[in-house]
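In order, the protein sequences belong to chains A and B.
Oh and the first sequence: position 45 is 45 in the numbering used here, straight run, nothing missing.
To convert a position in the second sequence, counted from 1, into the numbering used here, add 1000.
Honestly, the hints are just simulated from the structure, not real lab data.
Here the structure is a predicted model, which means the values were calculated and not measured.
The C-beta atom is built at its ideal place from N, Cα and C for all residues, glycine as well.
Wrong hints could be hidden among the right ones.
[As the list claims (entries may be wrong)] Beta-carbon label-pair distances, calculated as ranges:
#1 B:S1231 with A:G8: 21 to 29 Å
#2 A:N16 with B:G1149: 40 to 48 Å
#3 B:D1147 with A:N54: 47 to 55 Å
#4 A:L20 with B:G1076: 23 to 31 Å
#5 B:D1009 with A:K32: 22 to 30 Å
[What the hints assert, rightly or not] Quick list of in silico lysine-lysine cross-link-like pairs, DSS-like style, CA-CA up to 25 Å:
#6 B:K1032 with A:K32
#7 A:K24 with A:K10
#8 B:K1054 with A:K24
#9 B:K1014 with B:K1003
#10 A:K32 with B:K1097
#11 B:K1180 with B:K1002
#12 A:K40 with B:K1130
#13 B:K1056 with A:K24
#14 A:K10 with A:K57
#15 B:K1056 with A:K10
#16 A:K25 with B:K1055
#17 B:K1056 with B:K1010
#18 B:K1002 with A:K32
#19 A:K40 with A:K3
#20 B:K1055 with A:K10
#21 A:K40 with A:K14
#22 A:K14 with B:K1054
#23 B:K1097 with A:K31
#24 B:K1067 with B:K1055
#25 B:K1130 with A:K31
#26 A:K57 with B:K1216
#27 A:K32 with B:K1056
#28 B:K1035 with B:K1007
#29 B:K1002 with B:K1234
#30 A:K31 with B:K1035
#31 B:K1055 with A:K57
#32 B:K1216 with B:K1032
#33 B:K1067 with A:K32
#34 B:K1180 with B:K1003
#35 B:K1055 with A:K27
#36 B:K1023 with B:K1226
#37 A:K53 with A:K14
#38 A:K3 with A:K14
#39 B:K1226 with B:K1032
#40 B:K1066 with B:K1014
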Amino acid sequence: MAKIQINGRKIAIKQNFSILDILKKYKLNRKKVAIELNGKILPQDRYNNKKLKNNDKIEIVQFIGGG
Amino acid sequence: MKKDIFKIDKEIFKSRLIVGTGKYKNLGETAKAIKSSGADMVTVAVRRVNIADKKKPLLMDYINPKKFFYLPNTAGCFNSKDALRTLRLAREIGGWKMVKLEILGDKKTLYPDMIETLKTTQVLVREGFKVLVYCTDDPLHAKKLEDLGASAIMPLAAPIGSGLGIHNKLNISLIIENSKVPVIIDAGIGTASDATIAMEMGCDGVLVNSAIALAKKPVQMAEAFKYAVISGRKSFLAGRMKKNNFASASSPKQGLIS
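The shape of chain B in the complex, shown without the other chains:
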């Protein structure tokens, strides 16, 4: 059997689950949850250092960037200029070129602004970044991102932090069908089974933050997601049975007692 490899650009990852590092109670809990998720890539945000508090704990002291692949994001950016500034700074900290681009268009829905996103993807690709792009579930925009050189397409399942699960399965299927680069569901996953559904549909990976961080027991939920993603992937590769609109007995009719 051919080995199932998850590759984005030239990077190979063991887990198809990517986890966010925000919204946890503290950095200790973040570190434990990340470990229990089995993920080897984590998303991180870029923010000002708090110069008023010299003792503030650092994410890097809890999640070793040598052991986990940091994927810097542009969370909180509402235009191309801010997103480019953020990612250029991120590259300076770590030297990484792989980044997550997200440009938001609306504060209430945190829906991606695709015009700014397309424009910025083009600039980043030109500057040598490997860009994983948070986007709407519109198959045309997804294709355009791929044509511009995006390393992965990351359509939303539902609005960021909503936990509503995949809302437009048809669109996600169309994106998967049309895409030659990995398709990773980003945003809106609410619970482990949502991740399984995404993977069963043929997504290459799933990015989860709130569903783990805001669970009653985040470390346990992180583990649930680990298996949910593995399960969904295996189910996709195995190929589900055909759906029938009638019953078909599982036990043989031959040899019935009466």
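Bound-form chain A, shown alone:
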């Protein structure tokens, strides 16, 4: 188990969980979001092989209505 933070919420994940697994878990379409891992943008082509570790901080953002 590893404890990580997504969008300010603390969650526990299995060992060797990848960003792609996170997207699957929350039913998110990779083409409709952008991800920051520990303050740095993670390019889409790295979602698959980027394994998460304890205390990682993830921000997942999307477009919403705005002016």
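Dock chain B against the given chain A, drawing on the hints supplied.
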């Protein structure tokens, strides 16, 4: 007659009306209003995904980014760091480079912080972004933004969401006169005629959100804005008559009955 083209950087748009996608009752209403406005560019905000609600509807499912040009904004950012972070993330979602920069300086008026705005414009331009900049109606700042490489200058008509219309026509005119890049009125438009006035003055475009979304019938108001912008543009191109301080009869005096 030369074709009237609305071009920002290298992008060509059919409509000179840009619409915001916030403040609507729901995404269904947003989509209908956007369609009825005839706009081909929409502004969008960047926010955290709600991971607690997997079924929350997505803007992208209602407004197809392949059909509408998404212009990501930095709404809610009060400093350069947050604005840069937001726009870099936005670029990652869509791959777009055209963005709307707005850095607010005060929570009550949502007035732009021009020092942070100028600084951030410079960084974004250097990173290859095409930046449409929300700014004060100060002609000097507008010119500085252009010199820094902004793709469009977007002065406010009045504070965001106020619906007060253009408050300083003189400044807006000076900005239009001095600018080689498009001038788009952003913020403060209250009703369709405000958009017509802006376009008649020679603005290249108008950005509207609240005036449509908060109208009693947003879809109908969106259509009103579509025609208001077309009307104002045509009137500007046609060139208004000279103002006189005396009357001038429209019917000939010749052949009067008595």
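Outcome of the hint check:
At roughly 47 Å, the beta-carbon separation of S1231 of chain B and G8 of chain A lies outside the given 21 to 29 Å, and the hint is violated. Between N16 of chain A and G1149 of chain B the Cβ separation comes to about 45 Å, which falls inside the hinted range of 40 to 48 Å. Checked against the hint of 47 to 55 Å, the pair D1147 of chain B and N54 of chain A passes, with Cβ atoms roughly 48 Å apart. Separated by about 29 Å at the C-beta atoms, L20 of chain A and G1076 of chain B satisfy the suggested range of 23 to 31 Å.
With their beta carbons about 25 Å apart, D1009 of chain B and K32 of chain A fall inside the hinted range of 22 to 30 Å. With a C-alpha separation of about 21 Å, the suggested pair K1032 of chain B and K32 of chain A falls inside the 25 Å cut-off, and the hint holds. With a C-alpha separation of about 18 Å, the suggested pair K24 of chain A and K10 of chain A falls inside the 25 Å cut-off, and the hint holds. Using a Cα cut-off of 25 Å, the hinted pair K1054 of chain B and K24 of chain A holds, with the two alpha carbons roughly 11 Å apart.
Note on K1014 of chain B and K1003 of chain B: the hinted pairing holds, with a Cα-Cα distance of about 12 Å set against a maximum of 25 Å. Using a Cα cut-off of 25 Å, the hinted pair K32 of chain A and K1097 of chain B holds, with the two alpha carbons roughly 16 Å apart. Straight-line distance between C-alpha atoms of K1180 of chain B and K1002 of chain B comes to about 19 Å, which keeps the hinted pair within the 25 Å bound. A distance of roughly 22 Å separates the Cα atoms of K40 of chain A and K1130 of chain B; the hinted pair therefore holds under the 25 Å criterion.
The hinted pair formed by K1056 of chain B and K24 of chain A meets the criterion: a straight-line CA distance of about 15 Å does not exceed 25 Å. Proposed proximity of K10 of chain A and K57 of chain A is supported: the alpha carbons are some 9 Å apart, at most 25 Å. Restraint check: the Cα-Cα separation between K1056 of chain B and K10 of chain A comes to about 20 Å, which is no more than 25 Å; the hinted pair holds. A threshold of 25 Å between alpha carbons decides the hint, and for K25 of chain A with K1055 of chain B the separation of about 13 Å falls inside it, so the pair holds.
Note on K1056 of chain B and K1010 of chain B: the hinted pairing is violated, with a Cα-Cα distance of about 35 Å set against a maximum of 25 Å. About 40 Å separates the Cα atoms of K1002 of chain B and K32 of chain A, which puts this hinted pair outside 25 Å; it is violated. Restraint check: the Cα-Cα separation between K40 of chain A and K3 of chain A comes to about 19 Å, which is no more than 25 Å; the hinted pair holds. At most 25 Å may separate the alpha-carbon atoms for a hinted pair to count; K1055 of chain B and K10 of chain A meet this at roughly 20 Å.
Restraint check for K40 of chain A and K14 of chain A: the C-alpha separation of about 23 Å stays at or below 25 Å, so the hint holds. For the hint pairing K14 of chain A with K1054 of chain B, the CA-to-CA distance comes to about 20 Å; that is within 25 Å, so the pair holds. Under the criterion of a C-alpha separation no larger than 25 Å, the hint pairing K1097 of chain B with K31 of chain A is consistent with the structure, at around 16 Å. Distance check on the hinted pair: K1067 of chain B and K1055 of chain B sit about 24 Å apart at the alpha-carbon level, within 25 Å; holds.
At most 25 Å may separate the alpha-carbon atoms for a hinted pair to count; K1130 of chain B and K31 of chain A meet this at roughly 22 Å. With a CA separation close to 43 Å, the supplied pair K57 of chain A and K1216 of chain B exceeds the 25 Å bound. As the CA atoms of K32 of chain A and K1056 of chain B are separated by approximately 13 Å, the hinted pair is consistent with the 25 Å bound. Proposed proximity of K1035 of chain B and K1007 of chain B is supported: the alpha carbons are some 21 Å apart, at most 25 Å.
The straight-line distance between the Cα atoms of K1002 of chain B and K1234 of chain B is roughly 13 Å, inside the 25 Å bound, and the hint therefore holds. At roughly 23 Å between alpha-carbon atoms, K31 of chain A and K1035 of chain B fall within 25 Å of each other, so this suggested pair holds. Of the supplied pair hints, the one linking K1055 of chain B and K57 of chain A holds, its CA atoms being roughly 23 Å apart against a limit of 25 Å. Taking the CA atoms of K1216 of chain B and K1032 of chain B, the gap is near 14 Å; set against the 25 Å cutoff, the hint holds.
Of the pairs offered as hints, the one joining K1067 of chain B and K32 of chain A holds, with about 15 Å between alpha carbons and a cut-off of 25 Å not exceeded. For the hint linking K1180 of chain B to K1003 of chain B, the alpha-carbon distance of about 18 Å falls within 25 Å, and the restraint holds. Simply put, K1055 of chain B and K27 of chain A have alpha-carbon atoms about 9 Å apart, close enough for the 25 Å limit, and the pair holds. Among the hinted pairs, K1023 of chain B with K1226 of chain B is consistent with the structure: their alpha-carbon atoms are about 19 Å apart, no more than 25 Å.
Distance check on the hinted pair: K53 of chain A and K14 of chain A sit about 10 Å apart at the alpha-carbon level, within 25 Å; holds. For the given pair, K3 of chain A sits about 9 Å from K14 of chain A by alpha-carbon distance, which is consistent with the 25 Å threshold. Our distance criterion of 25 Å between C-alpha atoms is met by K1226 of chain B and K1032 of chain B, whose separation comes to about 13 Å. The straight-line distance between the Cα atoms of K1066 of chain B and K1014 of chain B is roughly 15 Å, inside the 25 Å bound, and the hint therefore holds.
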